[in-house]
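Colleague: Sequences and hints are given; from them, build the entire structure.
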Amino acid sequence: MKSVFLALCLLAGLGTAAQAQQSALGLRGGLNLARYAGPNSRGGSTLAGGLLGLTVTSTFSKAGTTALEFELLYSGKGTKAEEGNQQLTQRLHYLDMPVLLQFRPGKMELELGPQFGLLVAHSTNYSDGRGNRLRSVGTGGFRSFQVGYVAGIGYRAPTGVGFGFRYNGAVSDIGAGSGLRNSVFQLQLSYLLQSLQPEPEFSN
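Heads up: the sequence shown is residues -20 to -1, 1 to 184, going by mature numbering (1 follows the signal peptide of the UniProt record, and there is no 0).
Note that these hints are calculated values from the structure, not bench results.
Heads up, some of the hints might be wrong.
Distance ranges between label pairs, derived from CB positions [what the hints assert, rightly or not]:
{"hint": "1", "residue 1": "Leu32", "residue 2": "Ser107", "range": "24 to 30 Å"}
{"hint": "2", "residue 1": "Pro85", "residue 2": "Gly149", "range": "20 to 26 Å"}
{"hint": "3", "residue 1": "Gly157", "residue 2": "Gly9", "range": "20 to 26 Å"}
{"hint": "4", "residue 1": "Leu5", "residue 2": "Gly149", "range": "26 to 32 Å"}
A virtual CB, placed ideally from N, CA and C, is assigned to each residue, including glycine.
Modeller: Put into structure tokens, the structure is as follows:
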């Protein structure tokens, strides 16, 4: 059911693109600096992960100063923790779909909006420091569907190349009653590939 919801959101994005002044397909990738937030997050530290996916950006003014961007991204999140010789690394792999309102003063981009995520995989690696290791996989005990938010700032060159900085937070816990939420800072590169609109026809 959750995957159907994400698919419908993507179709809604393509439908919005058809109504826009101008639309473009793009690529987005970068680095996640993830950890957990919440009342039970003490002792955790930042875990590096990746992100990669597609974007559909639609402008709604002739000047292109306001846009709506739909994204479908793989995003690696989680945390790591150490206590004495004990080490734990937990990785959560999501399919995220941010829906972002963008404001574009000049070549800058300011963006804000909700994000919906589907948990597709998980792994936990634990070492007790005495040579004993434990690995756990699967998504049992974790929420399969996440609701969150995104806020960011970036720069877009006339060539279509852009870079930006985002904060990605979660409203819901990673698991029921866990007191832990995803908290991610993101460094991103993006590129607008091509227009989705047909070229205008001119009569002689």
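Colleague: Next, verify each hint and record whether it holds.
Modeller: Evaluated hints:
1. Leu32 to Ser107: 24 to 30 Å: holds (29 Å)
2. Pro85 to Gly149: 20 to 26 Å: With Cβ atoms ~24 Å apart, the hint holds.
3. Gly157 to Gly9: 20 to 26 Å: Hint violated: Cβ distance 34 Å, outside 20 to 26 Å.
4. Leu5 to Gly149: 26 to 32 Å: holds (27 Å)
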